[in-house]
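**Student:** This is what each chain is made of:
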Amino acid sequence: MSIELKLSRINRVYRPTELIEGKIVVKSSSSISHYGIRLAVNGSVNMQVRGGSAGVIESLVGVAKPISIVNKIIEVRPSGKIASGTSEIPFSINIKQPGEKNLEKFYETFHGGNINIQYLLTVDISRGYLHKSLSTTMEFIVESDKADLLEQPVSPEMVLFYLTQDTQRHPLLPELKSGGFRVIGKMSTQCSLSDPIVGELTVEASAVPISSIDLHLLRVESILLGERIVTEQSLVQTTQACIHILLAYIADGDVCRNMTMPIYVILPRLLTCPTVLAGPFSIEFKVAVVVTFQSNIAKMPSKSDPTTPRLWLAMETLPLELVRTRFYEQSNTFTARTELLVAGLMLRPLSSVAFHRPPHVQPI
Amino acid sequence: MEFRPRNYIAEKEAHALPRVLADSHPFSAPSSPSQLQVEVVDDGNEEYFDPLRRSDNNAEASREDLVEIETSSTAGLSGEASIQNPSKEWAFFTRSLMQRFPVSKSVLTYSMSDMIVKGRKTHEKSSTSMHLEELEDPEKFAEEGGKVITGQEYVSRLHELKAELTHAWHANDRVTSLKLSIKVARLLMDTSVLQCYPTLFAIATDILDILGDMVWERIKLKAEFTEDGTRIFSLPENFSVSDICFDAKETCNNWFCKIGAVRELLPRIYLELALLPCWRFLVDQPLNSLRRLVMMTRGLADPLASAYCRLYMAHCMRKLPSHDTGCLLTCVNDLKIVSMRVMSAQETSHGAENRRLVVSLMEPTIEYIMKCIFRNASEKQVGDVLVELGVGLNQKELLGRFPCLSIVLHHLLKQLPSEVVSSRAVEILHLIECSRDDSLDQVIIEYDGLDDYLKVVDAFVDIVLQNHMDDHLSSILEGISKRACTKGIADDELATLQSILVKLLSYCKDIEDMFSMNHFLKILDLMYGNSRSIVNIHILDMGIRKGCIRDPRTIQFLLEISQALHHDENFVNLKDDNQPTRLISQFVSLVDYGAEIESQLAFLVECRGTFGSIRGLKETLIHSSNCLAIKALKDAKHLSFVKSCIAFSEVTLPSISSQIMQLNLYLETAEVALLGGLVSHSDGLIDSAINSLQSLDVMDGSRLPIDADAVLSSVQKLFSFLVMVPGNPEDGVTYFPKNLVSLLNSQSWMTPRMRVKVFCAIISLLAALSQRNLPYHADGEKNLVDAIQQEPSKAARGSMALEACNCIASSLILSQEISSICSNLIETGKSCMSTNNRYLQSTIKFMDHLPDSSVAL
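Residue numbers (the numbering used here), protein chains in the order written: chain E, 1 to 364; chain X, 1 to 857.
If you're looking for bench data, these hints aren't it; they were derived computationally from the structure. All figures in this text were calculated on a predicted structure; none of them were measured in a lab. Just so you know, even glycine gets a beta-carbon here, dropped at the ideal spot from N, CA and C. Hints are not guaranteed to be accurate.
As the list claims (entries may be wrong) - List of simulated lysine-lysine pairs, DSS-like, C-alpha gap at most 27 angstroms:
id, chain 1, residue 1, chain 2, residue 2
1, X, 482, X, 371
2, X, 222, E, 23
3, E, 6, X, 222
4, X, 522, X, 482
5, X, 631, X, 643
6, E, 6, X, 249
7, X, 503, X, 371
8, X, 503, X, 482
9, X, 717, X, 12
Said to hold, decoys possible - Simulated restraints on C-beta separations:
id, chain 1, residue 1, chain 2, residue 2, range
10, X, 242, E, 74, 38 to 46 angstroms
11, X, 582, E, 175, 53 to 61 angstroms
12, E, 8, X, 175, 20 to 28 angstroms
13, E, 21, X, 321, 34 to 42 angstroms
14, E, 122, X, 88, 54 to 62 angstroms
15, X, 88, E, 46, 57 to 65 angstroms
16, X, 171, E, 21, 30 to 38 angstroms
17, E, 85, X, 227, 22 to 30 angstroms
18, E, 259, X, 171, 41 to 49 angstroms
All chains should be modelled from the sequences, with the hints used to inform the complete structure.
**Tutor:** Right under this line is the structure:
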């Protein structure tokens, strides 16, 4: 006896106002009589504090209560019988009724280090007290509604940045400090999730040969802990988890001086979501440009955070607002800006993130 | 027992295969190597096995060789213009690249090996950190990275990866295909073994191209067919994005997402280049992506890796419908900066040697990109290109200072169409004058020392040659010889001089050109040692390129060069089968005195005296003398000369060390003697041949199987020759066969298989002889049947039995006795083979159709 859920969309991406359609596939050697087939939709924000950055009140660790976004159950079939063999029972369910007021906003699916926004579909075939009920759960992915999408185009604004021996707040190698270096560039401050991060970068001078230049994505997840947030500002405890994701190398080796190189980096779909600034939690992003210089003492630290200040590193961190644009809506016209892409799967999983990763399907 | 009477002419007509016009040469058209595994299905109607149809790895390999030879000849200085098909041209280019920089067998690849052996991710370690590790903890390093593999193994592993990739794809495991191709692209990050890089590049890009084609086909399929396989749309050649359905777009998008997630820059660029044509499914202007990739390549600091990445870019761009010279120009300009950096980084860790190698490895990339720029370029475009590349007066200083730039200039001039040259003569002249003023007349004269002078000349001699600046060339040569005469040539100068002379030689069409160059021979005389020998090799190579050598002066000159080469111990003692000795042998065989056959024989005698120690040369000499004899025979009156030729061969023959070769040459000479009507000579030579056959087993006990086959075929040839030899009245017609039978019976190294073949040959010989003469009754069959039963392998025994049966049945009239032998043999065959074996069936059919068949089957 087996039960399986199949959704109409192979990538399982739905918007809150859309009807989720699919079928329940039951395989059984004998016929099954049941007391009804029910389908439950459950969406919630789970917060969890880990690591040593929790602050003074260690006892608060783990107390953040989950925020429920949606929780509803429908009956697909009244009590009856399922014939032996393979039976397919079609279903359709609204996550959000048009006009229905929901307590919480439908945040986009997100699997972070501390914050987990997840939508689950559960089917349950109850067979009375004598038999164990048949059930299975599947995750589906929620993206922002059309109505919530940004109306105006993504801001083309670019922020200029430059890295020299004087902009670094941490100690540098003596030869770096004395010889000097200058790397300049510009980068977008707002970025659609379906677009690459774009910009450009030039090494103007460097006394010490460069080993590499890479781009890191920093994900800042903040959770508000404590009961009386509004009234007692002092009691507000925020815990921040900064997770870095090495996005891509922009330069490999000691590149030629004064040659402008493009920054063009695709955002990893699973590890990002639109920037969220909700009351009890927030998810924000930053981009760090890290220049690594060649040095005899630079051992490749495999495990530790590569954005940790080190003698042979120079870095600049820039805020980046991620937004959802109308990418999927216009299925047949790719504008010049959305010339590109969504995200990749091939990224190595984050080091210690224990959350369940959704079975994401991207046919290639 | 009685021999069957035969009508050979009628039989030949009956057995001749019908001739069919072939559309293509069986060895041409190198298709995909995957055919290696394809089982060729024989057409069921045909009764014979066609050796050409069998899937045979050796045949395949030799075909590849052929193609490669073809490549090397077309990849010469001017000959490749005829190829139009881009993919074919690319294949030729990569092949010639691999040939130009072969993977030396002894190169050990440390850092590469790990990835390829275990697929672990060692790429993050830079080679410097590897060295550090090695210094700190040599033992650990030996354990971890110690999987040392040779270049050859590396190449074969790459081919395995390629097979794995296509296999995974066809098994619908596209994620694995993608992962494997990322792995392959990552290998290109390692330039630590410089010499291997072009080969690595050629194979890796081949793999990436395969992936790109498969993805293209898959998305095209998605755009044209629905999921259940009905065609909804037929994409025109110049389709636009609006023709593509959402599904296909999304799949395509996912591909770009996946490769966009590769963190390292170089593999990311390579993979996107491989998929570049797929951008057409997503955007109407795929060139924008290419432009971005051109810029992204600037992030690759390694000069070699970035140069080859740009090369692949030029190749991938040709798959797009539109063309953008601007991208290529940016590539060339960036390459110029990179190579200038290589040349100016003299003090760094790169040794001068290394730097030179890097530049020479980069050269083909510039050559190819230049070629792409000028392909189908209009005159106006050419003008723009000249401006864009910044070749003009303002570059004067640069040209003088960085000899590497001459590479760019060189290839630029090579590609410029002739009408542009004429219409823009002034500018071009400026250009050349630039290089002449700065680098030749003025610059060169400043260099008093031979060393510096040579280095500068080395860099510019190509340009001079390219533009046929003959007067200039002679002044350069004069300059060299003047300096060399006064100060002599130091060891390190020799190498540069060698490079100049080799370049000069490569521009000579034949040896006459070389003679006509002033000072050349004088300079050559001043050279010595290894470099001299290398130049000599090139001269010899050029001398024999045009086939027959008739001019006595040339012959004398080349003979002297050959002697000099032969006396250079470094070369001759190196290996038995090295290039100089091959060239000398070829030279000797090509010498042709025309009607003066006496002088030619004298030449052969001289060669025998001079090059006696070269293995294989004596064989050439005997061949030449035999050819000479045949030539003399045609004039009929030179019978005494023919005799002296045969005498020459006879005298030379005993000193040949290889017994099999000796046997064959004895046979050859005997044939010549017989043709000349010298029957007694011929008999003597056959005797010698049989003697050399007799001494075979004395040589060594462990005879290789391939050797045995060679002996066997020689013996069979001997038998067929004997058909023509008139019987000696004293000894009788069966004198030689008898001798041979007793000889072969006494030889311990004869395997049953060989025995069977030999006995079959004897029967055939005797049957043939019997057509005119009295039959010679040897009771061969009994021996034959015994020999068959001694064969240990069952399958081999079966086919031997059938072969013997065929032989006996076609030679002898089927009496009762013979019939029973035949049916015995067929029984043996049946017991050893399956009944539907084709050979068995055809034998049985053959027996059935014999006129007087009484064989009980």
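**Student:** Assuming the hint says 22 to 30 angstroms, is it satisfied by the Cβ distance from residue 85 (chain E) to residue 227 (chain X) or not?
**Tutor:** 25 angstroms, holds
**Student:** Does residue 6 (chain E) pair with residue 249 (chain X) here, judged by a C-alpha cut-off of 27 angstroms?
**Tutor:** 23 angstroms, holds
**Student:** Is the hinted pair residue 222 (chain X) and residue 23 (chain E) satisfied, with a Cα-Cα distance of at most 27 angstroms?
**Tutor:** Roughly 25 angstroms separates the two Cα atoms, so the pair holds.
**Student:** Should the hint that residue 21 (chain E) and residue 321 (chain X) are 34 to 42 angstroms apart at their CB atoms be regarded as holding?
**Tutor:** 40 angstroms, holds
**Student:** Take the C-alpha atoms of residue 482 (chain X) and residue 371 (chain X), compute the straight-line distance between them, and say whether it is at most 27 angstroms.
**Tutor:** Not OK: residue 482 (chain X) and residue 371 (chain X) at ~38 angstroms, beyond 27 angstroms, violated.
**Student:** Lying within 54 to 62 angstroms: is that true of the beta-carbon distance residue 122 (chain E) to residue 88 (chain X)?
**Tutor:** 59 angstroms, holds
**Student:** Just to be careful, I want the Cα atoms of residue 503 (chain X) and residue 482 (chain X) compared with a cutoff of 27 angstroms; is the pair within it?
**Tutor:** Distance ~20 angstroms between residue 503 (chain X) and residue 482 (chain X) Cα, so the pair holds.
**Student:** Residue 6 (chain E) and residue 222 (chain X) were given as a pair; does the straight-line alpha-carbon distance stay at or below 27 angstroms?
**Tutor:** It holds: about 22 angstroms lies between the C-alpha atoms, which stays within 27 angstroms.
**Student:** Using the C-beta atoms of residue 171 (chain X) and residue 21 (chain E), is the stated range 30 to 38 angstroms upheld?
**Tutor:** Hint holds: Cβ distance 32 angstroms, inside 30 to 38 angstroms.
**Student:** Take a quick look at whether residue 631 (chain X) and residue 643 (chain X) sit within 27 angstroms of each other, Cα to Cα.
**Tutor:** Satisfied, since the Cα-Cα distance of roughly 13 angstroms is no more than 27 angstroms.
**Student:** Do the beta carbons of residue 242 (chain X) and residue 74 (chain E) sit within 38 to 46 angstroms of each other?
**Tutor:** 40 angstroms, holds
**Student:** Do the alpha carbons of residue 717 (chain X) and residue 12 (chain X) lie within 27 angstroms of each other, as the hint requires?
**Tutor:** 19 angstroms, holds
The structure fails to meet hint 1 from the earlier list, while all remaining hints are met.
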